[in-house]
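Let the hints inform the model, and build the full structure from the sequences given.
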Amino acid sequence: MIRRPVLFGVAALFLAGCGSTSEPAPPPAAPPPAVAGLPADQVRAEPLTPQRLQTLWWSWASSAAPGQSPVEDPTGQYCGDSQPFGVWLIAGTPGGTADRHCQVPSALPLAGPVATRMTKDAAGCATFLSAANGEALLDGKPVPVERIEPTKITYDSMSGAQEGYSCGLWVRVDPLAPGQHTLTLRGGSGTFTNEANYDLTVVQLP
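The letter at position 202 of the sequence shown is residue 202 when you use the numbering used here, and the numbering goes up by one with no holes.
Rather than coming from a laboratory, the hints here were simulated on the basis of the structure.
Just so you know, even glycine gets a beta-carbon here, dropped at the ideal spot from N, CA and C.
Treat the hints loosely; a few may be bogus.
Simulated restraints, written as ranges between beta carbons of each label pair [unchecked claim]:
hint : residue 1 : residue 2 : range
1    : Gly95     : Lys152    : 23 to 29 Å
2    : Lys141    : Pro50     : 19 to 25 Å
3    : Asp199    : Pro66     : 33 to 39 Å
4    : Ala126    : Gly179    : 38 to 44 Å
5    : Gln204    : Ser130    : 39 to 45 Å
6    : Glu135    : His101    : 19 to 25 Å
7    : Asn197    : Ser159    : 26 to 32 Å
8    : Gly179    : Ala65     : 27 to 33 Å
9    : His101    : Lys152    : 34 to 40 Å
10   : Lys120    : Gly140    : 35 to 41 Å
11   : Ala131    : Gln180    : 31 to 37 Å
12   : Asp121    : Asp99     : 31 to 37 Å
13   : Pro175    : Thr75     : 20 to 26 Å
Quick look at the structure:
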């Protein structure tokens, strides 16, 4: 399931009007600092709508080389691979429990599913969602869980672009203070259950 996703981004081109010849042009804005080794442009991103979040996540989860899937990863060895711009993605499991240790940059929010499903049609996803339940805990305290209705997306995979309907229960976590944190994703639907326990080391901005 996971690695090297082709990221979905929108490049914006800003055209500046001609300035007055009597006033000097303002100096260019200083570039933002790099975040824990990430290029500066990865800190900024377009709004993370439900459609964009699911597109990024399924691309990330479906493009990994065999044996390097962040969803199947039992230890967190691959949790930092091929992360997209502007968000640090997290994952549940294909079933069962995983205990992961990951390093996360302090400037980025975290987001991922407690329980999610990709189907060929909206009805199949709606059936999964109707029975879905779950919770997220940050440092032992509940995090709001967002219910995302079936959404049509096109995402990348190892075999190329794919299209389908994604839905589920998702969480978003604001950027964390540097230091140690724990995050648990626990959920399922019907006979499917999964739990991912993250031990996070959040890295201070340089």
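Taking the hints in turn, this is what the structure says about them:
1. Taking the beta carbon of each, Gly95 and Lys152 are about 26 Å apart, inside 23 to 29 Å as hinted.
2. Remark: the range hint 19 to 25 Å for Lys141 to Pro50 is upheld by a beta-carbon distance near 24 Å.
3. Taking the beta carbon of each, Asp199 and Pro66 are about 26 Å apart, not inside 33 to 39 Å as hinted.
4. The hint said 38 to 44 Å for the Cβ distance between Ala126 and Gly179, and at roughly 40 Å that hint holds.
5. For the hinted restraint 39 to 45 Å between Gln204 and Ser130, the CB-CB distance of approximately 43 Å keeps it satisfied.
6. Distance hint for Glu135 and His101: a CB-CB separation of about 21 Å, consistent with the stated range 19 to 25 Å.
7. For Asn197 and Ser159, the hinted distance range of 26 to 32 Å is satisfied, since their beta carbons lie about 31 Å from each other.
8. One distance hint, 27 to 33 Å for the beta-carbon pair Gly179 and Ala65, holds here, with the actual separation near 32 Å.
9. Between His101 and Lys152, the C-beta spacing of about 35 Å keeps the proposed range 34 to 40 Å intact.
10. As the Cβ distance of Lys120 to Gly140 is approximately 39 Å, the hint placing it in 35 to 41 Å holds.
11. For the pair Ala131 and Gln180, the supplied restraint of 31 to 37 Å holds, since their beta-carbon distance comes to about 35 Å.
12. A hinted range of 31 to 37 Å for the beta carbons of Asp121 and Asp99 is consistent with their spacing of about 35 Å.
13. Between Pro175 and Thr75 the beta carbons are some 24 Å apart, a value that agrees with the proposed interval 20 to 26 Å.
Comparing the model with each earlier hint shows a violation of hint 3 alone; every other hint is respected.
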